[in-house]
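There are 2 protein chains.
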Amino acid sequence: MKKTRYVILGLLRDGSLTGYEIKKCIEVRMSFFWQESFGQIYPELNALLNDGFVTETADERKDNSRRKKKYAITAEGLSEFNRWMGEKNEKDTIRSESLLKLFLATDANARDIVDQLNEMKKQNEEKLLLFAFYSKQLSEYADLHENHKYIHEVLSLGIRQCELYSSWSDSLLQRLKDGHLR
Amino acid sequence: MKKTRYVILGLLRDGSLTGYEIKKCIEVRMSFFWQESFGQIYPELNALLNDGFVTETADERKDNSRRKKKYAITAEGLSEFNRWMGEKNEKDTIRSESLLKLFLATDANARDIVDQLNEMKKQNEEKLLLFAFYSKQLSEYADLHENHKYIHEVLSLGIRQCELYSSWSDSLLQRLKDGHLR
DNA sequence: TTCTCCATGTAATACGTTACATGATTGT
DNA sequence: ACAATCATGTAACGTATTACATGGAGAA
Numbered sequence: 001m002k003k004t005r006y007v008i009l010g011l012l013r014d015g016s017l018t019g020y021e022i023k024k025c026i027e028v029r030m031s032f033f034w035q036e037s038f039g040q041i042y043p044e045l046n047a048l049l050n051d052g053f054v055t056e057t058a059d060e061r062k063d064n065s066r067r068k069k070k071y072a073i074t075a076e077g078l079s080e081f082n083r084w085m086g087e088k089n090e091k092d093t094i095r096s097e098s099l100l101k102l103f104l105a106t107d108a109n110a111r112d113i114v115d116q117l118n119e120m121k122k123q124n125e126e127k128l129l130l131f132a133f134y135s136k137q138l139s140e141y142a143d144l145h146e147n148h149k150y151i152h153e154v155l156s157l158g159i160r161q162c163e164l165y166s167s168w169s170d171s172l173l174q175r176l177k178d179g180h181l182r
Numbered sequence: 001m002k003k004t005r006y007v008i009l010g011l012l013r014d015g016s017l018t019g020y021e022i023k024k025c026i027e028v029r030m031s032f033f034w035q036e037s038f039g040q041i042y043p044e045l046n047a048l049l050n051d052g053f054v055t056e057t058a059d060e061r062k063d064n065s066r067r068k069k070k071y072a073i074t075a076e077g078l079s080e081f082n083r084w085m086g087e088k089n090e091k092d093t094i095r096s097e098s099l100l101k102l103f104l105a106t107d108a109n110a111r112d113i114v115d116q117l118n119e120m121k122k123q124n125e126e127k128l129l130l131f132a133f134y135s136k137q138l139s140e141y142a143d144l145h146e147n148h149k150y151i152h153e154v155l156s157l158g159i160r161q162c163e164l165y166s167s168w169s170d171s172l173l174q175r176l177k178d179g180h181l182r
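Residue numbers (the working numbering), protein chains in the order written: chain A, 1 to 182; chain B, 1 to 182.
Please note that a few of the clues may not be correct.
Repeated chains share a single entry, so a pair holds when one copy, or any two copies, can fit it.
Stated by the list, open to error - Once the Cα atoms are required to be at most 27 Å apart in a straight line, the calculated DSS-like pairs of lysine-lysine come out as: (1) Lys91 - Lys3; (2) Lys136 - Lys149; (3) Lys177 - Lys2; (4) Lys91 - Lys68; (5) Lys88 - Lys136; (6) Lys23 - Lys88; (7) Lys177 - Lys70; (8) Lys127 - Lys91; (9) Lys91 - Lys2; (10) Lys177 - Lys149; (11) Lys127 - Lys23; (12) Lys149 - Lys122; (13) Lys91 - Lys24; (14) Lys121 - Lys177; (15) Lys88 - Lys122; (16) Lys2 - Lys122; (17) Lys88 - Lys177; (18) Lys68 - Lys177; (19) Lys24 - Lys68; (20) Lys136 - Lys91; (21) Lys3 - Lys121; (22) Lys177 - Lys91; (23) Lys149 - Lys3.
These are computed hints drawn from the structure, not numbers from a lab. Model, not experiment: these values are computed from the prediction.
Could you put the whole structure together from the sequences, leaning on the hints where they help?
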């Protein structure tokens, strides 16, 4: 089942946002465990409006041209969000082409594997920088996250996962270079 | 882009398999980073046959009734697999409803969060048992994995990831119970 | 002026799961 | 005899990405 609406509702609890802002928010803060595209967000906002879970405030200067629309959550929206919170989750899924390649690799692919591992290490180190930035940003809004104790915990899990991946790939690279992999 | 064919080709390098066996194999050994369903595998096997990347040996007793079909990789299939190995990967994606919920939770959701965390801990501990089983199974076929050095490494990463998630949820639960979460 | 980012939206397409249909084999 | 698992396949459905169309605002 599609979860787009719940992410949107969840984010709107802290104040109204435009569709664009919602997208950015998911991208910057949640990309380590969630993703949504414009093609899902905009239609879903209209569906939510239709269901009475959000209200829309259009920036109505000009006339016809499309302008900024801010969405706010309604009481019904909030209770729908809380209902979802108590529902059973579907299984987590991970799709990692890098791990797939490593898993399937033989000695014939040794050269490619080194490239894969380097790329993996690089990507995780970049993600760590992003996390650090976001983490710092968070602590500047102490009041807001007063109400969101778990964000830090999830973030800290993300960081530790990145560290795991990055150190794992690094150690594998080392052992491959030194030629004593097993 | 769809990757189903490469998983199939990758697995077939160690000997012919039926579609059913391929499915089981992915399920048991790769579920921590990859998944495929019958609805992808069977049509893809026919596509691969059509492209000359695999050959089919049907178990042709009886006549009309559908029977076991073993697939083997061809030289062209092998080179197609090796080509893919050198290609750039698409970004890894994770979809975790549990982390999404935790990320979005406030104090209002405290009760639900405890359930989520317990479920998360349980699932990761179960996965660890599966990993242990598979790991043991692997060491019994030393000859086969001689050629697949990286399987162990990927497995070990999977184990450490599960341990991370399980100990993270456990520690969060502890702190929630003791009431000193920040 | 041109580029980038903000901003909204739709349509086409691709991807993936689930349910269904069918039947053989193996173990209890 | 029955259930579980092995085994193959398709059709329907739902979900998600991508490309496209459109245009404003601010910066270089």
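Taking the hints in turn, this is what the structure says about them:
no.	hint	result
1	Lys91 - Lys3	both (13 Å within a copy, 21 Å between copies)
2	Lys136 - Lys149	within (15 Å within a copy, 40 Å between copies)
3	Lys177 - Lys2	neither (45 Å within a copy, 32 Å between copies)
4	Lys91 - Lys68	neither (36 Å within a copy, 31 Å between copies)
5	Lys88 - Lys136	neither (33 Å within a copy, 32 Å between copies)
6	Lys23 - Lys88	both (25 Å within a copy, 26 Å between copies)
7	Lys177 - Lys70	neither (54 Å within a copy, 39 Å between copies)
8	Lys127 - Lys91	both (24 Å within a copy, 12 Å between copies)
9	Lys91 - Lys2	both (13 Å within a copy, 21 Å between copies)
10	Lys177 - Lys149	between (43 Å within a copy, 14 Å between copies)
11	Lys127 - Lys23	within (18 Å within a copy, 33 Å between copies)
12	Lys149 - Lys122	between (30 Å within a copy, 22 Å between copies)
13	Lys91 - Lys24	both (25 Å within a copy, 18 Å between copies)
14	Lys121 - Lys177	within (15 Å within a copy, 37 Å between copies)
15	Lys88 - Lys122	between (36 Å within a copy, 14 Å between copies)
16	Lys2 - Lys122	between (32 Å within a copy, 25 Å between copies)
17	Lys88 - Lys177	between (46 Å within a copy, 22 Å between copies)
18	Lys68 - Lys177	neither (54 Å within a copy, 44 Å between copies)
19	Lys24 - Lys68	within (15 Å within a copy, 50 Å between copies)
20	Lys136 - Lys91	between (31 Å within a copy, 25 Å between copies)
21	Lys3 - Lys121	between (31 Å within a copy, 22 Å between copies)
22	Lys177 - Lys91	between (37 Å within a copy, 26 Å between copies)
23	Lys149 - Lys3	within (22 Å within a copy, 39 Å between copies)
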